[in-house]
Amino acid sequence: MLLAAACLSVAASPAFAALGGDVATVQDDQAHINATRRVSQSNGYAVHELHSPSGSIVREFVSSSGKVFAIAWQAPSLPDLRQLLGPYFDEFQKAAAQSQRARRAPLFVEHSGLVVQVGGHMRSFTGRAYLPDQLPSGTRMEDIR
Amino acid sequence: MIADSLRSRVFASATLLFFAGAFAGCGGGSHSNAINTISTSGTNVQPITVNAGPANDYANGVFTSVIVCVPSSSNCQTIDGILVDTGSFGLRLLSSAGGGALTLSLPQQTVSGSPVGECAPFVSGFTWGPVQSADVKMAGEVASGVPVQIIDPTFAAVPSNCSSGGVPESDTLQTLGANGILGVGPFAQDCGGACAQTGSGNPGLYYQCSSTSCSVIAESLTQQVQNPVALFATDNNGVIIELPSVSSPAPSLSGSMVFGIGTESNNALGSATVYPLDANGEFSTSFKGQSYPAFVDSGSNGLFFLDATNTGLTVCANNNGFYCPGSQTNLSATTDSGSASANVTFTIANADTLFANPSAFVFNSLGGPNPGTFDWGLPFFFGRNVFNAIEGKGTTAGAGPFWAY
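If you're matching them up, the sequences are chains A and B in order. Here this note's numbering is used: position 66 in the first sequence is 66, and no number is missing along the way. Numbering-wise, this note's numbering comes out as the position in the second sequence, counting from 1, plus 145.
Pulled out of the complex, with its shape left as it was, chain A reads as follows (with noise of 0.2 Å):
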């Protein structure tokens, strides 16, 4: 399944996007959060796993053209989705805040363009957020993690 890994070294401005965008943004995100990137490539699509000081790891999901359709992540607290969203992140914001009332349970917003699922618990947390009309056919939803 790993075909090719290697450490590739920070080197970009701090910038939003990811979600959506090529995989330059990949780097943005990097940068953002100070990790080290490791790239595999899995069925037909590249993973690039970001490991942060922080102890987070981040995984974008890159398709054959380019670009971010998912974005998955463990982490000792909520992952700064406003950076790994970038477009996305105001309709997330948005939409979970109406999911809201007395509910303790994993947060979900499944919309026809976005889905975004938020769960574990304090001091680690999981999650993944995806474009379900830019999965490239034949993704398996649970290797998307």
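Derived from the structure by calculation, the hints contain no laboratory data. Predicted model, so just to flag it, every value in this text is computed and none were measured. Built from N, CA and C at the ideal position, the CB exists for glycine as well. A few of these clues could be false.
No more than 20 Å apart at the CA atoms, straight line, and that leaves these computed lysine to aspartate or glutamate pairs for DMTMM-like [what the hints assert, rightly or not]:
#1 B:K433 x A:D143
#2 B:K538 x B:D423
#3 A:K94 x B:E314
#4 B:K433 x B:D481
#5 B:K282 x B:E409
#6 A:K67 x A:D28
#7 B:K433 x A:E142
#8 A:K94 x A:E110
#9 A:K67 x A:D22
Between beta-carbon pairs, the in silico distance windows are [what the hints assert, rightly or not]:
#10 B:T299 x A:T36: 32 to 42 Å
#11 A:D90 x B:P503: 31 to 41 Å
#12 A:N34 x B:P192: 46 to 56 Å
#13 A:P136 x B:S436: 23 to 33 Å
#14 A:A31 x B:G258: 27 to 37 Å
#15 A:S64 x B:D423: 33 to 43 Å
#16 B:S486 x A:P132: 32 to 42 Å
#17 A:S42 x B:T255: 46 to 56 Å
#18 A:A31 x B:A302: 22 to 32 Å
With chain A's structure known, arrange chain B on it following the hints.
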């Protein structure tokens, strides 16, 4: 969403709260049902109740009361409607400014003369407000000088790296559904070593706030918001959550939170199986031959696990955070840690049907999706005494963190 289905019950439920008392008084000593024994007396026994909570709309919330005092004084306040949460660590109290019960003024934690604030992350919404100090009393136990968070929407403006998690701010009685959260899970602090570091390794929970802005600080372990149980003078190595089984939706369910593990005559591990936890405070659960990360969380409303594809359970059309199978479905999974293992059977019912009952707030078969993970929420505790041992604290079965049941 559940928000609307619960909102409709707010007024209908008001009178039902009076019935809660009828379930509470079961006499001294202990009583047992077919599965578990509930301690009802002792200086380490704190009553807990699953009910609609102070906002009258909570599904599967287990609440207790806490006495907080200005440290080393008799200036105290009893606060009811505090959510008991094994999925978090530390006491958080909703200020009166947010519609909460707390009116007592507590001393503020400062750094270089500026107040310290915290952005505490929860999946359902972050809590924001100052870190203050209190003596915390429950049953006959006292924890002195405990750093606690005051949830206060009138504190300094929320820093952008707090709101950038994207989840909503929980700073009112309506959004929190409780007068506070009592985090009694398996860690002693709400962040740990990461927040004590400077630089980019710090996840940014603690802030120093000037009159104009807040900036991230390194917060030592002892200054972080603490699990009060770990600071009790006695019975400080963990808690047992004891709730009876319930066979159908109910307005209320009473039980006990017992402090200490193997420290008194009423808190021995007995034949419970011990599940050591990993660095994230988790163990694993196998379902249909696949293993997944898992945790036990009294603060989760339901059993949240996997997805429609893995489970064959339909997700509700309206409440997409819950399962709505066509008929009640019995399932089983195996909880594992090292050589410890046990089968767990559970039932998932149609959440839309459950929520249609305006008098029910206790649901043993409420569940929902949680891709790739098992979150054993409150229904897991019904009919099962769950021991929760705190990291680094010795017990008769070795040091925490572990769960046992």
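Hint check:
1. B:K433 x A:D143: holds (18 Å)
2. B:K538 x B:D423: holds (15 Å)
3. A:K94 x B:E314: Holds, because 12 Å separates the two Cα atoms, which is no more than 20 Å.
4. B:K433 x B:D481: Roughly 14 Å separates the two Cα atoms, so the pair holds.
5. B:K282 x B:E409: holds (18 Å)
6. A:K67 x A:D28: holds (14 Å)
7. B:K433 x A:E142: Roughly 15 Å separates the two Cα atoms, so the pair holds.
8. A:K94 x A:E110: Holds, at about 12 Å.
9. A:K67 x A:D22: Given pair K67 (chain A), D22 (chain A) holds - Cα atoms ~5 Å apart, limit 20 Å.
10. B:T299 x A:T36: 32 to 42 Å: holds (41 Å)
11. A:D90 x B:P503: 31 to 41 Å: holds (35 Å)
12. A:N34 x B:P192: 46 to 56 Å: holds (48 Å)
13. A:P136 x B:S436: 23 to 33 Å: Holds, since P136 (chain A) and S436 (chain B) (Cβ atoms, about 27 Å apart) stay within the stated range.
14. A:A31 x B:G258: 27 to 37 Å: The hinted range 27 to 37 Å holds for A31 (chain A) and G258 (chain B), with Cβ atoms some 34 Å apart.
15. A:S64 x B:D423: 33 to 43 Å: holds (36 Å)
16. B:S486 x A:P132: 32 to 42 Å: holds (37 Å)
17. A:S42 x B:T255: 46 to 56 Å: holds (50 Å)
18. A:A31 x B:A302: 22 to 32 Å: At 26 Å between Cβs, range holds.
Every hint, counting from the list given before, is met by this structure.
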